[in-house]
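So you can see what is in the structure, the chains are spelled out below.
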Amino acid sequence: MTIIDAVLGDFFWRALIGGLGVALVAGPLGCFVVWRRMAYFGDTLAHSALLGIALSFLISVPLNLAVIITCVVIALALVMLSRTRVLATDTLLGILAHSALAIGLVTLSFMPNVRVDLTGLLFGDLLAMNQQDLLWIYGGAAFVLTLLAVLWRGLLMSTIHEELARVEGIPVERLRLALMLMFSLVIAVAMKIVGVLLITALLVIPAATARRLARNPEHMVGLAIIFGFVAVTGGLTLSWHLDTPAGPSVVVTAFLSFLLVYSLARKPA
Amino acid sequence: MTEPLVQLEQVTVEFDGRPVVDRVSLKAGRGDIITIIGPNGAGKTTLIKAILGIQKVHQGKVSLATGLVIGYVPQQLLLEATLPLSVRRFMLLSGQPLDECEAALKRTGVHHLLDASVHHLSGGEKQRLLLARALARKPDLLVLDEPAQGVDINGQAALYQLIRELRDDLDCGVIMISHDLHLVMAATDKVICLNQHVCCSGYPADISQDPAFIDTFGHQVADSLAVYHHHHNHSHNLHGDVVSRTGAEGACNHDHH
Numbered sequence: 001m002t003i004i005d006a007v008l009g010d011f012f013w014r015a016l017i018g019g020l021g022v023a024l025v026a027g028p029l030g031c032f033v034v035w036r037r038m039a040y041f042g043d044t045l046a047h048s049a050l051l052g053i054a055l056s057f058l059i060s061v062p063l064n065l066a067v068i069i070t071c072v073v074i075a076l077a078l079v080m081l082s083r084t085r086v087l088a089t090d091t092l093l094g095i096l097a098h099s100a101l102a103i104g105l106v107t108l109s110f111m112p113n114v115r116v117d118l119t120g121l122l123f124g125d126l127l128a129m130n131q132q133d134l135l136w137i138y139g140g141a142a143f144v145l146t147l148l149a150v151l152w153r154g155l156l157m158s159t160i161h162e163e164l165a166r167v168e169g170i171p172v173e174r175l176r177l178a179l180m181l182m183f184s185l186v187i188a189v190a191m192k193i194v195g196v197l198l199i200t201a202l203l204v205i206p207a208a209t210a211r212r213l214a215r216n217p218e219h220m221v222g223l224a225i226i227f228g229f230v231a232v233t234g235g236l237t238l239s240w241h242l243d244t245p246a247g248p249s250v251v252v253t254a255f256l257s258f259l260l261v262y263s264l265a266r267k268p269a
Numbered sequence: 001m002t003e004p005l006v007q008l009e010q011v012t013v014e015f016d017g018r019p020v021v022d023r024v025s026l027k028a029g030r031g032d033i034i035t036i037i038g039p040n041g042a043g044k045t046t047l048i049k050a051i052l053g054i055q056k057v058h059q060g061k062v063s064l065a066t067g068l069v070i071g072y073v074p075q076q077l078l079l080e081a082t083l084p085l086s087v088r089r090f091m092l093l094s095g096q097p098l099d100e101c102e103a104a105l106k107r108t109g110v111h112h113l114l115d116a117s118v119h120h121l122s123g124g125e126k127q128r129l130l131l132a133r134a135l136a137r138k139p140d141l142l143v144l145d146e147p148a149q150g151v152d153i154n155g156q157a158a159l160y161q162l163i164r165e166l167r168d169d170l171d172c173g174v175i176m177i178s179h180d181l182h183l184v185m186a187a188t189d190k191v192i193c194l195n196q197h198v199c200c201s202g203y204p205a206d207i208s209q210d211p212a213f214i215d216t217f218g219h220q221v222a223d224s225l226a227v228y229h230h231h232h233n234h235s236h237n238l239h240g241d242v243v244s245r246t247g248a249e250g251a252c253n254h255d256h257h
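Taken in sequence, the protein lines are chains A and B.
Note that full-length UniProt numbering has the first sequence beginning at 1, numbered continuously upward.
Note that full-length UniProt numbering has the second sequence beginning at 1, numbered continuously upward.
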């Protein structure tokens, strides 16, 4: 047995490699969540992932695909509903986030022949990571990172000043859609590791920690990835040795590094 | 004068069926400076957004010269504090090469801030940075939304002087919104007073020869340099409809008194 087979055959290493892959994309996307104040939006998308899981059992579509499609549909619905200005965006998010989660749970309960590890879906599960998941994670990461690199200037510019970006001919709306697609993808692949309830934490906390030390946007992205790595490695190690749930352990580690950096580092530029 | 850079014909913009910009026509060519003044909610910002093409027009036509490059200076650079950004990085995001960016920063007098964080700039420095940013694109038309906002009195005069010089350097057109009429009058070719519709418009020389206007203007300068009172022979009710002070509904004969 080669070393690679030995590593991929061990569930702890599989989870760790998968987790690092997720942190790789959670870094840059988490920065956008922080910059564009989309934390609650990310939560809504993550919660709707559970609806996607229920649907995948209902109409037998591959799990990841169902989650991505559900997230994209919910994201588009959010954008359109917020344009009508019938309700404030945070109210709208509050309605959709919890309704999506609730509908997902209710739908799952109607399928007694489907056995789902609900705790694993909500809070992440170390054991659940298989080799196919790793393929999804790294395929998704490669796609998202390439797209981010190509669209970087436009995305950053429309984040800094949307109207200025528009006047300069940057396709703001299309970039917003691209960003939503990327979020949906990340949620689909991160779900197994940290669970739908904690995905936003993996996006927001490393990015917020990075802000304290960063001097420019790219610097912040790099640091967010590193803090993501720390959170995943620390969290999974904790989970392995103390038998704590994977997702919460990752988030606790991220939170500890956040506290450490904010108590030690000076106020940033 | 060659073909106009931008021409508006009877442009109407409605929010929920209520006209916010009502049948406004204007024309700007190279070398023109047009200043839009008017009370809050008069549709000034909406009007320039229509010119910029980021606000849908419900009626009328906005025509821009082919290949027109617009340099836009937004009302305020409200930056998300969570986004670390240096002046250099902000300028480079325009897509222009560094030497062009540096030249623009030198022109507006903030080149020494190249490596500063944009979050640490004063109001005046931010406006000059935004101006430099617009300049780096080598615009045919500069559109400014209250460029002197958050700038002290001395800085305001210098800023309007700079805008006038830039017009000469670039031979571009300038359309701006301003409340600082006393400063605008010195720098402006044409003033448009907007209150949904065009209340009055004209060249400062013509308007300022009106003794009644000098009266208003002098009084306001003496009173306070920052506040501008503009008197009309008609008022607007809460719906923005014209209410004549003499009682005739809809009267708007565009005189000052």
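Hints listed in this document are in silico derivations from the structure and should not be mistaken for laboratory results.
All C-beta atoms in this analysis are idealised placements derived from N, C-alpha and C, irrespective of residue type, glycine included.
Don't take each hint at face value.
Claimed, not checked - Where chain B lies over chain A, by a calculated footprint (3+ residues, C-beta under 8 angstroms):
id	region
1	48-61
2	94-106
3	125-133
Said to hold, decoys possible - Coverage of chain B stretches by chain A, computed from C-beta distances (three or more under 8 angstroms per stretch; other residues unrestricted):
id	region
4	29-36
5	70-84
6	88-95
Exercise. The region 94-106 of chain A covered by chain B? Criterion: 3 or more residues, Cβ-Cβ distance below 8 angstroms.
Worked result: The restraint on the region 94-106 of chain A is violated, since only 0 of its residues have a Cβ under 8 angstroms from chain B and three are required.
Problem set entry | chain B over the region 125-133 of chain A, status - at least 3 residues with CB closer than 8 angstroms | violated (count 0)
Exercise. How about the region 29-36 of chain B: do at least three of its residues have a C-beta closer than 8 angstroms to a C-beta of chain A?
Worked result: violated (count 0)
For this session: Quick one: see if chain A covers the region 88-95 of chain B, three-plus residues with Cβ-Cβ under 8 angstroms.
Result: Holds: 5 residues of the region 88-95 of chain B have a Cβ under 8 angstroms from chain A.
For this session: Mind taking a look at whether chain B covers the region 48-61 of chain A? Criterion is 3 or more residues with CB to CB distance under 8 angstroms.
Result: violated (count 0)
Exercise. Would you say the region 70-84 of chain B counts as covered by chain A, given the rule of at least 3 residues with C-beta under 8 angstroms?
Worked result: holds (count 9)
Hint compliance for this structure: hints 1, 2, 3, 4 are broken, all remaining hints hold.
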